[in-house]
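**Student:** Between the sequences and the hints, there should be enough to build the whole structure, so can you do that?
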Amino acid sequence: MVYAPGAAMPLSRGAPERWRRVLGTGGSIVQFDNVGLRYGTGAETLSDLSFSLREGGFYFLTGPSGAGKTSLLRLLYLAQRPSRGLIRLFGEDIVTMPRRRLPGFRRRIGVVFQDFRLVPHLSAYDNVALPLRVAGVEERDLAGPVGEMLSWVGLGHRASARPATLSGGEQQRVAIARAVIARPELLVADEPTGNVDPEMAKRLLHLFDSLNNLGTTVVVATHDLHLISSIGRADMLRLDRGELLDPTGALRHPPRRAEA
Amino acid sequence: MKGGARKLGAADRRLLPEGRLAGPMPWVIAIMMFLTVLAAAAGLGLAGAARSLGADIGNRATVQVVEANPDRREAEARAAVALLERQPGVERVRRVGADEMAKLLEPWVGTGGIEGDVPVPAMIDVDLTPEAYARLDALGAAVAEVAPSARVDDNGQWLAPLGRLMNALKWLSAGLVVLMIGATAATVVLAARAALDTHRSTIEVLHLMGATDVQVARLFQRRIALDALFGGAVGLAGAALVLFLIGSRVAALGSDLIGSARLPASSWALLVALPMFGVVLAMLVARGAILRALGRML
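Chains as they are written, first to last, in the working numbering: chain A, 1 to 260; chain B, 1 to 298.
Because the hints were derived from the structure by calculation, they are not lab data.
All C-beta atoms, glycine included, are put in the ideal place defined by N, C-alpha and C.
There could be a bad hint or two in this list.
So these bits of chain B aren't anywhere near chain A, every CB distance computed over 12 Å [said to hold, decoys possible]:
{"hint": "1", "residue": "27"}
{"hint": "2", "residue": "83"}
{"hint": "3", "residue": "161"}
{"hint": "4", "residue": "185"}
{"hint": "5", "residue": "197"}
{"hint": "6", "residue": "222"}
A short, non-exhaustive set of chain A residues, derived as facing chain B with CB atoms under 8 Å [said to hold, decoys possible]:
{"hint": "7", "residue": "86"}
{"hint": "8", "residue": "106"}
{"hint": "9", "residue": "134"}
Stretch-level coverage of chain A by chain B, calculated; a stretch enters the list once three of its residues show a Cβ under 8 Å from a Cβ in chain B [claimed, not checked]:
{"hint": "10", "region": "73-81"}
{"hint": "11", "region": "97-104"}
{"hint": "12", "region": "148-157"}
**Tutor:** Dropping the structure here:
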């Protein structure tokens, strides 16, 4: 089965109602307060980031190479803790959160890595099924959603192929399918359409759009201006040399000092 | 972290690439287990032999009546036997017969050599309670009163150095077993760390998808347990073959003392349990090493 662009994406599970109970309708799903990130003893990669992302929003993160986009995304998908500042995710402070609680939060986040990070010895099917298996979904319940998701990204016929035998674009689509299969509350994608043709890029963006319409907050780091312009309701974060520029003025929330 | 930390299914096991037994670890464990089983068998055998020695000769004395005159020798021997049978703590008194004496001396004097004028001492074996054995000097004095030419030989005294040697070797074997187990555990730790380094990128991906440390550790500990099971089985089989060959050589010697080191069924059960213990140990050590290493990751 191959899904046409615009077809309903195969994401029938999930619990947006539960999210709303936790966050409150219209609440912020991500909140940064004066966040700084420094690797080792070098200069700060990210400086004084303060912004919030509302639940169900669609955001593009742009900026020149080396601006700190990937570092910001790493903070968002909990691969990194900041050097300073406060980050609240899903309403909880994740900077001081005990390490043992992080897996539960990570399961609520889907990540499309710039370098895909597919598990090399697993098939496309098993790679896509990975988040569901980690979450404890039974084997008998996997085949349907995983097969549909692979078909949706046009790889239904490559389910048993290993990453090494897939093209860059195909690997990227597997990575995207893996990121969205568990219907995350927050989807973080780092250059998700960099290796696919314009038609597939459009389809993948439609996938993100559909997911967003179902309640998922989407953050896409990209250089692709065409991509940015295709989602009219999206907000934009622009990073430059580790500092956040807010072209629309919609992202920045009042700093805590001002609140007091 | 507890939530969702379920047991692994067959599909999850594929998260780490197959190729079990391809690395050196199963073979290193096989060698370690081979040596461990041999050391344990030596310890068990020596312990058995020491027990047997103690049971056969411990608390036992021999009274020798060394009198050239056969009539006086016989009279003193009878008097000594009569006295010993009356003593408290004496469990058994047995006069060594003439035929038995002839057989004992046969290698030195030949058949029929003691018939005639050769003065052979009269010998009396005495089994004592431990309390009576502790008062052996007093018993010797009592015997000397009725049989002036008698002397009491303490069998335990001349066997004591042999007993001490066997005990020392037994503890040496136990020490070797402990060292081997320690070395096996260290090998497992190194193998677990190497496996973590090899699969670091996969582990990072699993972590970022919300896999718990316990879920990741289970993948490795299962794999290491299989390696340990294989290594343990091979090591045990090799050691059992060697022990069988040694046993057949010992049987051919016909020595009671060396033969007493033969392993009973309970000792074999203990040796067979060693690889099982090795598997459990490898799993626990691998789990601990992996959880510690994962704990250093975010």
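**Student:** Verify the interface restraint on residue 86 of chain A: the C-beta must sit less than 8 Å from at least one C-beta of chain B.
**Tutor:** violated, 17 Å
**Student:** Can the region 97-104 of chain A be counted as covered by chain B under the rule of three residues or more with Cβ-Cβ separation shorter than 8 Å?
**Tutor:** Held - the region 97-104 of chain A has 6 residues with a Cβ nearer than 8 Å to chain B, which meets the minimum of three.
**Student:** Hey, does the residue 106 of chain A contact hint survive, CB to chain B under 8 Å?
**Tutor:** holds, 4 Å
**Student:** Under 8 Å is the threshold here; is the Cβ of residue 134 of chain A close enough to any Cβ of chain B for the hint to stand?
**Tutor:** With a minimum Cβ separation of about 5 Å from chain B (threshold 8 Å), the hint on residue 134 of chain A holds.
**Student:** Is the Cβ of residue 185 of chain B more than 12 Å away from each Cβ in chain A?
**Tutor:** holds, 26 Å
**Student:** Once the closest CB in chain A is found, is it more than 12 Å from residue 197 of chain B?
**Tutor:** Non-interface label on residue 197 of chain B holds, nearest chain A Cβ at 16 Å vs cutoff 12 Å.
**Student:** Checking the smallest CB distance to chain A, is residue 161 of chain B really beyond 12 Å?
**Tutor:** holds, 60 Å
**Student:** According to a criterion of three or more residues whose C-beta lies within less than 8 Å of a C-beta of chain B, is the region 73-81 of chain A covered?
**Tutor:** Holds: 5 residues of the region 73-81 of chain A have a Cβ under 8 Å from chain B.
**Student:** Please count how many residues of the region 148-157 of chain A have a CB within 8 Å of a CB from chain B and say whether that reaches 3.
**Tutor:** violated (count 0)
**Student:** Beyond 12 Å on every Cβ pair: is that true for residue 222 of chain B relative to chain A?
**Tutor:** holds, 15 Å
**Student:** Mind verifying the non-interface call on residue 83 of chain B? Its CB should be farther than 12 Å from each CB in chain A.
**Tutor:** Since the minimum Cβ distance to chain A is about 81 Å, residue 83 of chain B lies beyond 12 Å and the statement holds.
**Student:** Verify that the Cβ of residue 27 of chain B lies farther than 12 Å from every Cβ atom of chain A, and report whether the claim holds or is violated.
**Tutor:** The claim holds: residue 27 of chain B sits with its nearest Cβ about 23 Å from chain A, beyond 12 Å.
Checked against the numbered hints given earlier, the structure breaks hints 7, 12 and satisfies all the rest.
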